[in-house]
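2 protein chains.
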Amino acid sequence: MKTKPFTIHKTVSCVFSAAALLILATDSPAAQITSDPLPSWNDGPAKKSIVEFVTKTTKSGSPDFVHVSERIATFDQDGTLWVEHPMYTQVMYCLDRVGTLAKEKPELKHREPFKTVLSGNREAIAKMSKEDLEKILAATLTGMSVDEFRAEAKKWLANAKDARWKRPYTELTYQPMKEVLAYLRENGFKTYIVTGGGQDFVRVYAEEVYGIPPEQVVGTVGGTKYGYDKDGKPFLTKEPKLLLNDNDAGKPEGIHLMIGRQPCAAFGNSTGDRQMLEYAKAGSGPRLSMLVLHDDANREYAYGPAQGLPDTKVGTFTQALYDEAKQKGWIVVSMKDDWKTIFPAGTSLMPTGREK
Amino acid sequence: MKTKPFTIHKTVSCVFSAAALLILATDSPAAQITSDPLPSWNDGPAKKSIVEFVTKTTKSGSPDFVHVSERIATFDQDGTLWVEHPMYTQVMYCLDRVGTLAKEKPELKHREPFKTVLSGNREAIAKMSKEDLEKILAATLTGMSVDEFRAEAKKWLANAKDARWKRPYTELTYQPMKEVLAYLRENGFKTYIVTGGGQDFVRVYAEEVYGIPPEQVVGTVGGTKYGYDKDGKPFLTKEPKLLLNDNDAGKPEGIHLMIGRQPCAAFGNSTGDRQMLEYAKAGSGPRLSMLVLHDDANREYAYGPAQGLPDTKVGTFTQALYDEAKQKGWIVVSMKDDWKTIFPAGTSLMPTGREK
Chain A
5 MKTKPFTIHK
15 TVSCVFSAAA
25 LLILATDSPA
35 AQITSDPLPS
45 WNDGPAKKSI
55 VEFVTKTTKS
65 GSPDFVHVSE
75 RIATFDQDGT
85 LWVEHPMYTQ
95 VMYCLDRVGT
105 LAKEKPELKH
115 REPFKTVLSG
125 NREAIAKMSK
135 EDLEKILAAT
145 LTGMSVDEFR
155 AEAKKWLANA
165 KDARWKRPYT
175 ELTYQPMKEV
185 LAYLRENGFK
195 TYIVTGGGQD
205 FVRVYAEEVY
215 GIPPEQVVGT
225 VGGTKYGYDK
235 DGKPFLTKEP
245 KLLLNDNDAG
255 KPEGIHLMIG
265 RQPCAAFGNS
275 TGDRQMLEYA
285 KAGSGPRLSM
295 LVLHDDANRE
305 YAYGPAQGLP
315 DTKVGTFTQA
325 LYDEAKQKGW
335 IVVSMKDDWK
345 TIFPAGTSLM
355 PTGREK
Chain B
5 MKTKPFTIHK
15 TVSCVFSAAA
25 LLILATDSPA
35 AQITSDPLPS
45 WNDGPAKKSI
55 VEFVTKTTKS
65 GSPDFVHVSE
75 RIATFDQDGT
85 LWVEHPMYTQ
95 VMYCLDRVGT
105 LAKEKPELKH
115 REPFKTVLSG
125 NREAIAKMSK
135 EDLEKILAAT
145 LTGMSVDEFR
155 AEAKKWLANA
165 KDARWKRPYT
175 ELTYQPMKEV
185 LAYLRENGFK
195 TYIVTGGGQD
205 FVRVYAEEVY
215 GIPPEQVVGT
225 VGGTKYGYDK
235 DGKPFLTKEP
245 KLLLNDNDAG
255 KPEGIHLMIG
265 RQPCAAFGNS
275 TGDRQMLEYA
285 KAGSGPRLSM
295 LVLHDDANRE
305 YAYGPAQGLP
315 DTKVGTFTQA
325 LYDEAKQKGW
335 IVVSMKDDWK
345 TIFPAGTSLM
355 PTGREK
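As you go down the protein sequences, you meet chains A and B in turn. Take 5 as the starting number for the first sequence in this note's numbering and just add one per residue. Take 5 as the starting number for the second sequence in this note's numbering and just add one per residue.
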């Protein structure tokens with residue numbers, strides 16, 4: 005509670021500056037202000053590096069000019085484009101789905117790890133092993149048709165709310181990153197999500213939330229099986245067969261599989277993005293690799309353990325990654341210092357809780 | 005030899021009409037002629053169905069209007085966009101590569117199926133089993149870096165020539181289908197190749213040849229492995245691990261994996277495309293599914309065995325598929341009757357051989 009006045013102060017200031025920008029953007033004589041493509045970014049090396057990168061790669065005659073067909077930018081999702089703490093949204097979906105599943109298959113009520121999930125014991129759920137979590141993911145993400153899954157996930161996303169902000173998860177996106185997406189697209193870049201999350205799950209909302217169509221979402225993905233319903237109509241069933249684990253080295257592998265070009269800009273926030281950033285940076289010509297550091301406990305969360313921030317299992321950003329970034333010229337974005345606002349105006353300006 | 009005069013006559017007539025169209029297109033008062041989006045198609049039900057489909061899906065206010073984000077069209081490659089007889093181009097590449105491979109690994113000279121390939125005995129090569137062919141594909145398409153593969157395939161494509169036309173394979177594309185690609189794209193459709201061929205192989209030339217970028221090529225695809233060279237630079241190695249066999253049911257599965265939307269138009273030429281056409285047609289709203297029938301031995305090839313055409317292992321078009329197409333409203337395109345010309349002007353107008 006003791007930081008509440010500060011939070012409110014910040015919030016009010018955000019509302020004010022957002023409103024001011026809105027006015028300027030729609031009807032302003034001050035063209036030099038409205039032409040700022042990244043209004044939610046504070047002036048500093050991070051913002052400067054983005055603008056310089058876009059300028060030099062798109063300016064005709066520039067020695068660093070990149071042909072429009074090669075303008076590929078890849079973005080991690082959880083923790084880079086939206087909130088991932090205290091737990092990935094998709095995991096929340098899967099845990100919620102266990103209840104529905106147990107109604108269809110009552111025997112699950114007495115079988116682990118489903119029994120633990122159904123107990124609602126948060127501490128026990130948080131302690132579940134990776135294997136247990138994988139069992140839950142397989143049970144809740146496969147076995148149904150692609151269309152059924154899409155409808156279920158869509159319905160859940162429309163109703164579920166984040167416990168801290170009491171807002172739909174789809175509103176907890178980062179405004180500064182949305183501006184980067186829009187800025188890159190306006191300059192001919194094709195923007196992709198490259199996520200450790202489920203490809204089909206992220207596809208459900210990526211177009212509406214980020215303007216990124218399903219065909220530009222690369223994620224952890226399983227196989228499907230083509231079959232027919234009783235009327236002979238074909239449909240695809242989601243199979244528990246992993247094709248790609250789109251984390252770590254899986255990210256460049258997924259980029260090759262789905263895009264077939266080396267990105268010239270990549271954005272992440274955790275060790276799971278290391279290889280993607282390295283891969284993007286390794287190409288010839290101008291390259292931009294960026295890492296978002298969650299160092300803002302007041303406005304969002306603070307975790308690392310880089311730079312003495314609290315350690316976490318969700319979106320780990322190690323000191324080794326931080327040091328590598330500094331050494332190799334990857335830009336580390338401080339949410340606290342580089343971002344004027346965190347969330348889009350009108351969605352999450354009133355945090356009703358704080359990081360635990 | 006006996007049809008040569010006929011071939012020449014046809015060829016001359018093609019040159020003439022192509023030249024005439026070129027003149028009309030650049031400087032013509034006859035707007036109604038130049039506005040034909042499919043000049044290499046004869047007037048008939050096939051051409052009509054394409055034009056009607058595009059018109060009704062793109063005309064604002066039409067009850068069949070399709071939002072631009074949903075305008076996805078998928079094309080098989082071998083036999084649909086370019087020549088596949090007497091053998092798929094990629095298989096020719098793999099057979100050619102065995103020679104190079106044997107120089108690097110002399111022990112292959114004494115090991116089957118490499119020994120047979122190196123013998124040059126066409127009859128024995130043609131009789132190779134599926135398993136033997138798979139061994140050759142694995143040996144020539146995997147084990148190298150993605151960049152090395154691309155460079156090798158590119159070099160081969162620049163030099164290799166089709167035995168009948170003495171032309172690079174990349175020139176043996178179908179002009180009428182190129183017009184369909186361009187026509188759809190001009191009307192907001194995103195055009196994809198969905199091929200049983202290797203995704204990485206087709207990506208090497210698809211952009212230059214069809215204007216289809218690597219990220220819009222879906223094919224049979226294996227995994228890659230991320231690693232580092234001696235200088236610590238990252239690269240991807242092509243692994244002999246199959247992720248997707250993009251044939252038959254694998255085509256809709258591949259479409260879901262790579263695109264995530266049901267296409268509203270699909271084009272194929274063989275039983276391997278059946279499920280893709282069925283999948284496209286099964287969606288709601290207007291749909292177009294088309295099959296190219298190779299019934300023109302003079303200008304290209306004739307094979308089926310549908311409609312009494314000679315049977316083949318390469319691009320089989322069964323009578324059952326033909327009957328299903330007729331029953332379900334898929335359009336069968338007769339190369340002989342529907343296409344004014346087969347190849348783009350200036351590339352393959354002078355056939356120096358005929359189908360065996």
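A couple of the hints might just be wrong.
No copy is singled out in the list; a pair is fine if it fits within one copy or between any two copies.
The calculated EDC-like cross-link candidates involving lysine to aspartate or glutamate, where the alpha carbons are at most 20 angstroms apart (straight line), are [stated by the list, open to error]:
hint: 1; residue 1: 194; residue 2: 211
hint: 2; residue 1: 170; residue 2: 116
hint: 3; residue 1: 344; residue 2: 156
hint: 4; residue 1: 285; residue 2: 235
Worth flagging that the hints you see were computed from the coordinates, not collected in a lab. Note that the structure is predicted; figures quoted are calculated from it, not measured.
Against the structure, the hints:
1. For a Cα distance limit of 20 angstroms, the shortest separation of residue 194 from residue 211 qualifies both inside one copy, at 13 angstroms, and across copies, at 16 angstroms.
2. Within a single copy, residue 170 and residue 116 get their C-alpha atoms no closer than 30 angstroms, and across copies no closer than 66 angstroms, so neither meets the 20 angstroms cut-off.
3. When the C-alpha separation of residue 344 and residue 156 is checked against a cutoff of 20 angstroms, the pair qualifies neither within a copy, at 35 angstroms, nor between copies, at 50 angstroms.
4. Only between protomers do residue 285 and residue 235 lie at most 20 angstroms apart by alpha-carbon distance; the minimum there is 15 angstroms, versus 51 angstroms within a single protomer.
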